[in-house]
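Visitor: Work out the full structure: start from the sequences and follow the hints.
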Amino acid sequence: MDQRDASVPTISRLGPFRASVATFGALIGSGFRRYATYRQATIAGTFTNIVFGFLRCYVLLAVAEQAAGQRPGGYDAEQLALYVWVGQGLLSVIGIWGWTELADRIRTGDIAADLLRPIAPVTAYLAADLGRALHGMMTRFGPPLLAGALFFPLHTPQRWQTVPLFALSVLLAVIICFGCRYVVNSTAYWLQDARGPITLWTLGSGVLGGLYFPLRLLPQEFLVMLWLATPLPSLLQAPLDVIAERDGPALQAGLVVVQAGWAVAMLALAGLLQRRAEKRLVVQGG
Amino acid sequence: MGEWRAYAALGVAQIRSVTVYRASFLVEVFGNMGATVFDVLTVLVLFRATPEVGGFSLREAVLIVGLSSAGFALADFAVGNVDRLKTYVRAGTLDAVLVRPLPALPQLLLMDLPIRKTLRVVFGLVVLGVAVAANDIHWTPLRLFLIVLTPLAATVFFGSIFVLSASLAFWWVDSGEIGAAFTYGGRDFTSYPISVYGSWFRNLFAYALGFGFVAYQPALALLGRADPLGLPAWAGFLSPLVALGAATIAAGVWRAGIRHYRSTGS
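Protein sequence lines correspond, in order, to chains E and W.
Okay, so the first sequence: first residue is 0 according to numbering that gives the first Met the number 0, each after it adds one.
Okay, so the second sequence: first residue is 0 according to numbering that gives the first Met the number 0, each after it adds one.
To be clear, the hints were calculated from the coordinates, so they are not data collected in a lab.
We put the CB at the ideal spot given by N, CA and C, even for glycine.
Errors might be hidden in some of the hints.
To spell it out: a stretch of chain E is covered by chain W in this simulated footprint if at least three of its residues, at any positions, have a beta carbon under 8 Å from a beta carbon of chain W; those stretches are [as the list claims (entries may be wrong)]:
{"no.": "1", "stretch": "65-71"}
{"no.": "2", "stretch": "122-133"}
{"no.": "3", "stretch": "197-206"}
{"no.": "4", "stretch": "209-222"}
If we take Cβ atoms under 8 Å as the criterion, some of the chain E residues that face chain W in the derived model are [what the hints assert, rightly or not]:
{"no.": "5", "residue": "A35"}
{"no.": "6", "residue": "Y37"}
{"no.": "7", "residue": "A43"}
{"no.": "8", "residue": "V62"}
{"no.": "9", "residue": "R194"}
Chain E side only, calculated, beta carbon under 8 Å to chain W, not exhaustive [unchecked claim]:
{"no.": "10", "residue": "G44"}
{"no.": "11", "residue": "D103"}
{"no.": "12", "residue": "L190"}
Guide: Here it is, written out as structure tokens:
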């Protein structure tokens with residue numbers, strides 16, 4: 000061999016930046032394909048989303064009928080209906096429930112394989128999760144919204160910036176949610192069994208994320224604290240308030256800014272925990 | 000006798016296994032209770048915005064939630080774990096259950112004894128107690144009988160729904176979350192006065208599937224209120240019959256499912 004050193008030969012002729020973009024893209028694609036395999040589960044999940052959409056929508060509309068000024072929490076009936084149905088559509092896009100992969104891999108010791116790869120685990124899992132969310136957006140988002148539009152009058156966005164802001168808000172919510180789940184799952188590095196933290200997360204993210212009822216029904220002071228001190232309202236409440244145009248244009252954009260802050264914070268926290276864990280990690284299993 | 004010893008051994012093994020990760024177990028116990036707490040809290044939050052929902056006051060609504068969540072918590076404790084069946088069918092773990100000389104259903108339930116769900120049952124019963132105290136119920140022997148009977152019938156009914164929706168996995172392995180539409184969806188449906196729902200949706204869930212008799216009709220009978228939807232007063236006493244019907248169907252479907260099951264092999 001002539002003049003070869005011990006470094007790993009690069010396969011791609013791209014520069015380092017474009018190579019990492021290509022890797023990231025490939026991982027997004029693999030996440031997408033993984034979820035695209037379960038077609039029947041997608042149909043089953045969509046059906047369930049639609050049933051829950053009906054349940055929540057009827058209840059909230061009944062509340063609106065007898066509430067003061069018929070605007071509970073500042074939403075009119077059409078905004079509430081849109082809130083419910085977009086919420087059901089976004090549920091599996093954002094994916095607050097059911098991700099225990101990282102915790103399981105830590106417990107079984109499979110995480111060792113992830114650490115051998117030349118890409119940081121947070122980055123790799125984020126890419127796969129973006130692929131999952133993209134698949135969710137293409138398959139799970141539309142049907143509940145369509146069902147809602149067929150059976151209920153829905154609010155139509157009035158401002159030009161609402162839809163682009165909503166798209167940005169959903170992307171940020173996916174990233175924040177990923178960060179939260181990564182942090183919750185990585186408690187398994189210290190606890191071995193992360194079921195407790197995962198239970199707390201499942202519980203808190205549903206009710207304080209705005210899935211069960213719009214958070215605006217809660218007292219104002221509590222709400223401000225919730226928005227600024229926890230990432231939870233940034234998960235569902237933020238994109239839903241953006242699309243329902245609950246607030247004026249300034250506050251509407253403000254919600255997305257708060258989300259951007261939380262996205263950065265959660266990714267940083269996930270990275271920090273991962274580095275701390277790697278320093279003390281003893282891989283399980285043999 | 001030997002059979003009971005085998006069940007006891009399965010149960011004790013589960014208890015030992017949860018005591019390994021004590022902190023996680025404690026969080027799970029409170030987390031599970033929290034799920035029911037939040038369901039009840041949701042009703043309270045909605046009533047902050049309005050004095051009445053579907054023609055019912057907060058006190059009356061809490062009675063409906065109390066009946067529903069007490070029944071659901073009991074059913075979830077007893078048979079809720081059957082919803083893991085789809086995992087067992089997919090992975091082929093069910094084979095191990097079927098080769099043992101014990102009936103499959105009790106074994107499956109004891110393979111993951113939900114000790115973590117005990118506090119949730121306690122909370123469900125407390126809500127029911129508070130609801131009974133908060134409403135000015137004119138007690139008669141018949142109503143005393145009804146307040147005991149209704150949560151039990153609700154337990155049997157929700158338990159049957161759990162078994163039915165889990166059995167789906169025998170025919171449709173990738174049924175995923177579809178069962179949740181009827182188990183957790185049924186719980187949500189029964190937590191509110193059914194007058195809030197649109198007519199076709201109500202007819203389907205309340206009368207065709209029977210969810211209306213779990214909490215709403217008995218609550219009317221306890222309160223002595225006429226049904227705004229026009230069913231006679233004795234409809235409140237139908238819940239045991241509806242539960243019995245559901246249990247019969249569930250048992251039949253479960254047996255058919257077990258017979259239909261073919262291992263995934265590999």
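Visitor: Each hint should be assessed against the structure and marked as holding or not.
Guide: We went through each hint and held it up to the structure:
1. 65-71: holds (count 4)
2. 122-133: violated (count 0)
3. 197-206: holds (count 6)
4. 209-222: Check passed, 4 qualifying residues.
5. A35: violated (13 Å)
6. Y37: This interface hint holds because 6 Å falls under the 8 Å limit.
7. A43: holds (4 Å)
8. V62: Check passed: Cβ of V62/E comes within 5 Å of chain W, closer than 8 Å.
9. R194: Holds: closest Cβ of chain W sits about 5 Å from R194/E, inside 8 Å.
10. G44: holds (5 Å)
11. D103: D103/E check fails; min Cβ-Cβ to chain W is 13 Å, beyond 8 Å.
12. L190: Because about 7 Å separates L190/E from the closest Cβ in chain W, which is inside the 8 Å limit, the hint holds.
In terms of the numbered hints stated before, the structure departs from hints 2, 5, 11, listed from lowest to highest.
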